[in-house]
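S.K.: These protein sequence lines map, in sequence, to chains A, B, C and D. Counting with my numbering, you get residues 125 to 560 for the letters of the first sequence. Counting with my numbering, you get residues 125 to 560 for the letters of the second sequence. Counting with my numbering, you get residues 125 to 560 for the letters of the third sequence. Counting with my numbering, you get residues 125 to 560 for the letters of the fourth sequence.
Hints are computed from structural coordinates only; laboratory data are not their basis. Careful: at least some of the hints might be erroneous.
Identical copies carry no separate label here, and so any pair may be met within one copy or between two of them.
Claimed, not checked - No more than 35 Å apart at the CA atoms, straight line, and that leaves these computed lysine-lysine pairs for DSBU-like:
#, residue 1, residue 2
1, Lys-534, Lys-160
2, Lys-345, Lys-534
3, Lys-236, Lys-450
4, Lys-160, Lys-450
5, Lys-203, Lys-450
6, Lys-450, Lys-363
7, Lys-534, Lys-252
8, Lys-259, Lys-534
9, Lys-363, Lys-252
10, Lys-345, Lys-450
11, Lys-534, Lys-203
12, Lys-160, Lys-236
13, Lys-349, Lys-534
14, Lys-534, Lys-363
15, Lys-236, Lys-534
Predicted model, so just to flag it, every value in this text is computed and none were measured.
There are 4 protein chains.
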Amino acid sequence: MSRYFADIEPVTFGGADSADPMAFRHYNPTEMLGDKTMAEHLRFAVCYWHNFVWEGNDPFGGQTFERPWFPADTMALAKQKADDAFDMFRILGVPYFCFHDHDVRPEGDSLKESHDRLNEMADYFAEKMANGGPKLLWGTANMFSNRRYMSGASTNPDPDVFAYCASTVKSCMDVTHRLDGENYVLWGGREGYETLLNTDLDRELEQMGRFLSMVVEYKHKIGFKGAILIEPKPQEPTKHQYDYDVATVYGFLRRFGLEDEVQVNVEQGHAILAGHSFEHELAMARTLGIFGSIDMNRNDYQSGWDTDQFPNSPSEAALAYYEVLKAGGFTTGGTNFDAKLRRQSLDASDLIAAHVGGMDVCARGLKSAHTMLADDALEAPRRARYAGWEADAAQAMLAEGATLDGIAAKAEAAGLNPQPASGQQEKLENIVNRYV
Amino acid sequence: MSRYFADIEPVTFGGADSADPMAFRHYNPTEMLGDKTMAEHLRFAVCYWHNFVWEGNDPFGGQTFERPWFPADTMALAKQKADDAFDMFRILGVPYFCFHDHDVRPEGDSLKESHDRLNEMADYFAEKMANGGPKLLWGTANMFSNRRYMSGASTNPDPDVFAYCASTVKSCMDVTHRLDGENYVLWGGREGYETLLNTDLDRELEQMGRFLSMVVEYKHKIGFKGAILIEPKPQEPTKHQYDYDVATVYGFLRRFGLEDEVQVNVEQGHAILAGHSFEHELAMARTLGIFGSIDMNRNDYQSGWDTDQFPNSPSEAALAYYEVLKAGGFTTGGTNFDAKLRRQSLDASDLIAAHVGGMDVCARGLKSAHTMLADDALEAPRRARYAGWEADAAQAMLAEGATLDGIAAKAEAAGLNPQPASGQQEKLENIVNRYV
Amino acid sequence: MSRYFADIEPVTFGGADSADPMAFRHYNPTEMLGDKTMAEHLRFAVCYWHNFVWEGNDPFGGQTFERPWFPADTMALAKQKADDAFDMFRILGVPYFCFHDHDVRPEGDSLKESHDRLNEMADYFAEKMANGGPKLLWGTANMFSNRRYMSGASTNPDPDVFAYCASTVKSCMDVTHRLDGENYVLWGGREGYETLLNTDLDRELEQMGRFLSMVVEYKHKIGFKGAILIEPKPQEPTKHQYDYDVATVYGFLRRFGLEDEVQVNVEQGHAILAGHSFEHELAMARTLGIFGSIDMNRNDYQSGWDTDQFPNSPSEAALAYYEVLKAGGFTTGGTNFDAKLRRQSLDASDLIAAHVGGMDVCARGLKSAHTMLADDALEAPRRARYAGWEADAAQAMLAEGATLDGIAAKAEAAGLNPQPASGQQEKLENIVNRYV
Amino acid sequence: MSRYFADIEPVTFGGADSADPMAFRHYNPTEMLGDKTMAEHLRFAVCYWHNFVWEGNDPFGGQTFERPWFPADTMALAKQKADDAFDMFRILGVPYFCFHDHDVRPEGDSLKESHDRLNEMADYFAEKMANGGPKLLWGTANMFSNRRYMSGASTNPDPDVFAYCASTVKSCMDVTHRLDGENYVLWGGREGYETLLNTDLDRELEQMGRFLSMVVEYKHKIGFKGAILIEPKPQEPTKHQYDYDVATVYGFLRRFGLEDEVQVNVEQGHAILAGHSFEHELAMARTLGIFGSIDMNRNDYQSGWDTDQFPNSPSEAALAYYEVLKAGGFTTGGTNFDAKLRRQSLDASDLIAAHVGGMDVCARGLKSAHTMLADDALEAPRRARYAGWEADAAQAMLAEGATLDGIAAKAEAAGLNPQPASGQQEKLENIVNRYV
Ligand SMILES: [Co+2]
Ligand SMILES: [Co+2]
Ligand SMILES: [Co+2]
Ligand SMILES: [Co+2]
Ligand SMILES: [Co+2]
Ligand SMILES: [Co+2]
Ligand SMILES: [Co+2]
Ligand SMILES: [Co+2]
């Protein structure tokens, strides 16, 4: 049986002027930007599910893709899928991959059988990883596809589902730990509601808080050193999801005392669905101290649903990596493509080309961001704008002991009548355009 | 000089079959619902700004309204406005009103003069209030209209604006306290940003947290017993506001240790702009323990901006008051109409009719909600749905000491294979329709 | 083998106070409203696809429904499905149903086999219809689910797909004609594009225009007396659909000279997705002379995708039927429920209850609309608002021969300075609330 | 009295590496692209209203800008404004400008006085234009700001407003003609409705159609050779505007037989508000034969209202000019900046810098688009995708005489079973990224 990507050569760096659609024009892994290589900055990861599991369905249409490993409902097909997946990872030269349990093994007839199969596949991966394959950026559990999760995972009205999820997450954390995964992610696709009419919000949030606390506790118990990440999303599949956006997740973590234990995995498309820019969510995560990792896939601004397309905007990538760099860059996190082909992109070469384009946009954005920072192009005017706050009298207003009436008395005595200064938005946008 | 509403009789309850457009069909203030009258449940308030300050402008058009007190740029006109405003309050029979400093007095040439004028108007109000006028539901400061606030109030890059705001809020809190206001509200219309490119998010959030802490401290210092309320809104006027929605405000309060000191004033239209239903925001506020008050004005679902229209959906009102009742009803809060006429509704009678319709929709919704609760129509199926969680074994999973691996072991040993049960959304929606 | 709905009694009219969830409270088929019964006004139809084909999948989850006829991939199962479907039609007492070819027969190995199977099922239906079953409101072809249509049906880049569609539509029109269907519908789910980058817009619109012209011509050739209907939708499944909304379809029809031959089937949810209210689309269709039929299913205002939920707003139903009545009511058209259960509503009784609730909301809306019209409650103020245009001098400005400079000269000579009059929106909204 | 822009030097081309914020990096007016200069391709115009009339107000705040000509309520101030405006045009080196009557003269006490003042200002402009000033791309009438238009201009319920508008448009067309304007634009900001409840849709559309017909007739009467343009916009200021989008305008034009007489002026931000991409609207206008001109200003994707910001996306500009070039480029049309500063951008230099950045983004986009076309980079794969349609048998299906049943018979006889081919979206997006 021939390999799916047999005809495709490993992707190489061709330089900015290359017209080869299968060469990188910007991503030069070993090129230094500051004190790190581009590869170290970007820490690219490719996801298993969209690339190797999704069949091209949409709400009005069935399978469009034909892959030799479909439907992967036997362990043999699951291994064939793994073989081809690792071929793709090798062709792209990505240092990381990610997976759900559900992506890599057929579900068993029992929890135990499912876990056994997952472990068997983990052994299969481990060997490939040892032989030059990519490392594991994060593992996660699919607790949204099966009908048992239709009304929630940890927030299910049925406590048996909660228990089932505990078993599932434990097994996925074990495997992630065993494969030296650098993070463990929870995306609460069904942790939300379709209608408030049948929902006990109070109870469900308590369940979710309790579950997450146990996940954190288990992480420490097994000595997993990676980060626990929550991926915010406002809606879809449910009408309303509890992990709405970064600020909502932060409030949830504070409520359960987990703000030092859990970080966020921010997806560009989810930011947009929640009414924010991607850079807003990243800046907010940094400010709140919970920045973890990113899913670098976009939605279409004209669509109201999650299209998980490959990134293609150099400008947006520049602003995103600008925030990543301001946050100090990735530690355990990285740049995951939680991206899928358009369902009309049928060919093996489409899979490769889409990643090449996505990686290149990220690399181009990173370079822009790095130079903007190095040039102090945006930070200098920003510092100037807030310079008044550096004065002692200004700082005193923020310090302990300052009071509303104390400040008021001084303001009145001084006869303050502050005059506004230009915010210079267009000039700053022009500066950005010099770099992208 | 004749009064603006001179020709309009006080509105009375005409009964459900009344065709009189100037009579209440549902709002019967003294009618008991459970152990409270409708007036006690609803605690209606009318806002000063939209009714008596706004001139009918929109982004593409100028003044359409012609009121005898315009432009109210002298104290004499400000008092004429107050006379007419209290006439309207009397005609409607509302127990409360609300105002910004900016609504009731022309701004002075100095902070001191502005405060003096505010105090003079407060005296003028106090007399009217003593003579049968409505009480004050809340006071607030307008820190968004003047160009000095264009880049923020407490979050301004200029510390002088921060100081100016301290003086302004102090004076408004003093007046609110003196007039026995039941709440003090902060709406951060300019607390946000137009562009992240010129914004120091970290610094601005710190400023806002510090400011709010001082507001809370000052409240206690002067012995103000009312609640401090934040009104969330995601955007407009700024591209992005820090008080995005209830969950975001909650996280902010937790971060600064203020979650027991500050509650939310939830506006229907702002909930929608943030991607939530109104009932979601109310349920979330209740669950998080920060439910305070409501602004019962809607936007148009086809518009992407804040239209602040009078409520007109009996179904939506029913679901909103259902959450209010579940939260235990209002304590210091109430039902404010932060609503304005369409700019083509030019007449004095439009002002009255709009409030009559709005109050009636609320009363109708309240009655529906009260009966649904009394009938256990929604709560019985909700309890049934979560009944499994009442078992000891289920509760044990949420109790301290439970562990992920402990639960997992039991789930695997039991060979759990949970089967889903119908969520019955349509049946529940049908039940609601029996009550609205 | 027992029937799926065996335990469910036919739904009867229980009256407005009935608390029976399986009884109509408003829909009393034989009750007269004006000169027609409610059944004649509403002309309810139930769709085959959402009720009997859809398995509960969403983009993040698989099958949730378990029906005895699934997967209906044999003719025997297709007939079992038909038996149960007609049971449901009987229980609901609906006078009409609708179907796609794809809904009722498994696809064959060839066009011919597919058509033969469709004909065999049509025979099976015919017998049921003759024995007291409902009539056919409309037939249609599914040209969007199979991967052959992924890039369009009549607008496909591959002319063979165009030919395939011609064969498919012909066979569906033949069957619709044979079963005395009252309309034939085209919904262009894939007639649009994912990206302009690979699309020849000019060519695709020409293909679609040509195809529709041939459909109209074929209708006349076979003597089909029903209407040809286009169902507008702005997007989903494609990023952009050519039949965007009513006004767009009208322009398309004019371009190809088909405006007297084709009408629109307006779906509430699609109106909302296109940025319109449902009543706007209906009023526009009436004004443009192309009003045909309605799909009375809604989306959730917080979701950006097509949820096809059962209608549940009495207010919205009233405004919709108000426009239907103003258009003269349905001729060949009717009220179709292109609605599906939430995927958590698993039970047979959910299917019935959802339709009962939907039919009742429509009946309630119809009654409100009928009374508003009979009372001249909205039309009288509307006529008054435009009364100035009844003057001869006003009409002369609209008549042939009037010129811009002629009118201008008179306006200047008269020194016109028109003063605006209140638009009374809130008063009109209050009037509506007296009727809903 | 010193000039507002006295300190600012004319903007020059500094080359791609220039870091001078007041130099063009891409716009080199005399550089040839194909057979035209960049200036000839782009035909830049600057609008009078946003730059010289708008005071920085937003719905929650008042004036922020301080300009020496404010409030321009005398003819002397109007001339001072004109002096500074033409200074700015000169500094930017734009070949065109645009204005509303309302922008350039204070409204008079009567129609006649208003027209006289407009004519006086036109004389003032004519002299400046003769002395090296820019030409007039288009003139237009402001029929939305004054309260007389609050319920519509030509679609007003009051026929006197219709007559008033006739006089106003005539005077503006006369002035546009006299100044050798190359187009006359109608933007129907109030031609729509706030609520259907008070609207006679049928009547209003007839009024609008009749008005436009008279405008076209008058154009021919006075020998105006420019184009008549309609600018589509879906909403804002009204809840719903009749000129919703390009396809809607096309249907309207067909209905009144004006499709060969009127073209569209497409604004990027309005396209987005209507749920389309800008390139969609441009492609649609080209396909329908009504492409005229563009307003190159964007909205913020996170805002639901019209922000009219300067363009800043090189990628979006490339795709837009690609469609302009495919349409054959501009004839009478051009690239207008219907753009305004953010209200915090207070300074004279902000006005210049914003235009410099906007012009540069357009020039950069034009160059990308021109090269993509010259390289056949997108057109070659597009032709290949539709190549099957070039066959005679395929063309025969689109030709007169083809029938649905004829094609069907052949399809069945041939046993057609078409197989899909990849749509290659990602590869095409990667190609675009090579050029931007
Ligand atoms: Co996503
Ligand atoms: Co993701
Ligand atoms: Co509001
Ligand atoms: Co409010
Ligand atoms: Co639909
Ligand atoms: Co439909
Ligand atoms: Co605009
Ligand atoms: Co424009």
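S.K.: Going through the numbered hints above, which ones does this structure break? Give me the numbers in ascending order.
M.R.: The structure conflicts with hints 1, 3, 5, 9 and 12, although it agrees with all the remaining ones.
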